[in-house]
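Undergrad: Below, each chain spelled out in residue letters.
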Amino acid sequence: MTTATHTATATTPGLEPVKLLLVDDDRDSLLALQAILEPLHQDLLLAESGKDALRLCLDHEIAAILLDVRMPDMDGFETAELIRSRKRSRYTPILFLTAYRSDEQLFRGYDLGAVDFLFKPIVPEILQSKVSVFVELSRSEQILRRQAEEIARTEAQFRAVLEAAPDAMVITSEDGSIELANSRVDMLFGHPRSALIKRNIRSLIPDWEASSQESLASPESRVTAVREDESSFPAQITRSPFATKEGRFITTAIRDATDQVRAEVRVRQINQELERRVTERTAALTYSNEALRQFAWAASHDLQEPIRTILSYSQWFAESNPQIQSQREGQMLEIIQQQASRLFRLLAALQQYIQVAESGESHWTPVDCNAAVEAAASNLSGMIQESGASIDRAPLPSVMGTEVMLVQLFQNLINNSIKYRSPETPRIQICAESNGAGWTFSVRDNGQGIDSKYFGYVFGVFKRLGVGQAAGTGMGLAICKAVVERLGGRIWIESMPQPGTLIRFFLPAEVNP
Amino acid sequence: MNRSVRILLAEDNMADVWLIREALKRQSVECLIDHFLTAEDAIRAIERCGADGAAPPDLILVDYNLPNGDGGDVLAAAASNPHLAAVPRAILSSHLQPHERDRISSLGAARFISKPADLHEFLAAVGATVNELVRPPST
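First to last, the protein sequences are chains S and F.
For the first sequence, the working numbering assigns the number 10 to the initial residue and increments by one for each residue that follows.
For the second sequence, the working numbering assigns the number 587 to the initial residue and increments by one for each residue that follows.
Worth flagging that the hints you see were computed from the coordinates, not collected in a lab.
Beta carbons: idealized from backbone N, C-alpha and C, even for Gly.
Be aware that one or more of the hints could be misleading.
[As the list claims (entries may be wrong)] So, partial list: chain F residues that the calculated Cβ filter (under 10 Å) puts toward chain S: (1) N599; (2) V615; (3) D704.
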């Protein structure tokens with residue numbers, strides 16, 4: 010008969026109770042042993058014969074066996090011999106229980122691998138303490154086994170991670186001696202991995218250095234790596250040190266950077282090509298700008314000369330031949346004079362425009378806008394008197410520029426206000442308000458006004474509105490825009506509820522102290 | 587006026603030479619014009635002035651835009667000839683850039699005459715300058 014007594018939970022958390030096998034043919038003795046060992050809170054398996062004991066040994070992992078020597082059929086020694094002959098129980102500690110202190114028994118017992126003898130009558134405290142030792146031994150073994158399993162599992166994980174890494178990974182000691190490498194190292198370098206262990210990583214990467222930082226991964230660096238066949242290739246490496254009880258180790262991740270280097274070279278080539286093209290284009294633009302400037306100068310200056318002569322001579326011709334005035338030829342001559350005169354004014358305006366665009370900042374000084382408006386009004390005095398125009402000027406600031414430019418600006422604006430007047434007497438209001446880093450000027454009139462769809466158009470070179478305005482060159486506002494923009498500002502037209510035109514422009518405040 | 591006014595004129599545009607003659611005629615200025623078409627020719631003539639004992643001109647009138655040099659070069663030649671120190675000089679031009687204007691004043695041009703497009707303005711401008719700069723010798 011066999012019974013198993015499952016005692017209460019184990020005393021040590023996380024550890025299962027161990028199994029103890031008690032073997033005695035005398036049921037009372039067996040129960041007595043059970044009673045003595047109960048307080049140890051382990052699994053007690055009871056066997057009343059050697060045969061039962063052997064069967065239990067087959068089915069269970071047993072921490073220790075208490076075996077009665079004197080039993081019918083198969084005695085303790087025979088049982089022990091058979092227990093020992095089985096692989097599973099070859100090293101299971103056996104304590105023999107006997108009533109006789111005989112040397113012969115002792116020798117035989119120890120010979121069979123007994124670890125101890127206990128003499129009947131059993132002293133409970135001695136039995137408990139001896140069995141406790143075996144329980145502890147078994148438990149220590151259990152712990153060790155678990156730790157070994159844990160280590161094996163962690164190492165397997167580690168190797169799996171190492172193998173799964175996309176880069177070749179080499180773990181070295183601080184001096185570069187290789188401890189571990191993944192299979193990508195074989196592929197990348199052509200060395201069998203096993204041949205690399207304990208070699209120095211510098212045989213793969215001559216410029217390898219231990220990372221200077223304590224724990225942080227060092228930034229990527231570009232190095233030259235050498236294959237087994239001594240060919241070399243560019244590699245990108247990242248080193249990250251880690252500390253263990255055995256010292257500091259360094260994980261070096263190595264990636265073939267051949268494609269990257271090729272791409273970088275290509276990018277550099279493309280950049281150089283772009284730069285070259287930009288330079289060429291800039292030179293071409295500079296050249297065409299200069300050509301344009303020369304053309305504009307010629308157009309405005311050299312072309313003006315012959316026209317001036319045509320004007321003078323057509324006038325001279327008309328005066329020398331007063332009889333043709335009433336004839337068809339007289340009208341034709343007048344048309345020649347009108348058109349030549351118009352061309353002359355257009356070229357003069359173009360010349361002004363070019364002068365503005367070429368005005369150098371070095372000649373700029375603070376210019377009093379009050380004086381500039383007065384000078385402009387003085388230049389237009391004939392027109393102002395004739396039209397009865399009034400100019401209402403609020404106090405204006407000084408701005409950086411040249412007097413010529415600012416007089417021209419105000420003169421063109423006042424001129425437009427009078428030229429494009431409504432049937433009402435022209436009224437022009439000029440004021441300025443401080444606005445951040447400069448001044449916003451307003452020139453407001455009660456003239457014909459400008460359709461808002463032409464607000465941008467009218468600032469273009471040679472852009473005019475309407476027909477029959479032979480007096481207009483189409484350059485007035487273009488010159489205003491050129492002046493304002495040359496002085497670092499901007500000009501625009503705003504809508505007004507009442508009829509008329511409101512032109513505003515922003516100019517930076519004078520910077521001189 | 588008991589003798590002609592002598593004018594050294596450097597002007598490449600014959601149309602303007604005619605206009606200048608007309609202006610002088612309308613001012614009733616009896617004049618003798620030494621006319622040169624290029625800056626080079628005018629300079630050569632200016633360098634000879636006084637060397638052969640010939641009397642210097644009463645006025646040097648120079649167009650700024652000339653072939654083979656420019657009006658500034660002609661003025662510079664006049665300024666470096668001591669025989670011409672007392673001779674007034676005037677420059678004619680339809681337009682001058684600021685740096686050109688500065689150069690001309692530094693070379694001692696007494697007057698800058700713009701060439702207006704209007705016939706009467708042109709004649710008046712030239713006539714007034716000649717009248718002012720060339721004091722007719724007392725009778």
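Undergrad: All hints, please: hold or fail.
TA: Consistency of the hints with the structure:
{"no.": "1", "hint": "N599", "in the structure": "7 Å, holds"}
{"no.": "2", "hint": "V615", "in the structure": "19 Å, violated"}
{"no.": "3", "hint": "D704", "in the structure": "7 Å, holds"}
Checked against the numbered hints listed earlier, the structure breaks hint 2 alone; every other hint is satisfied.
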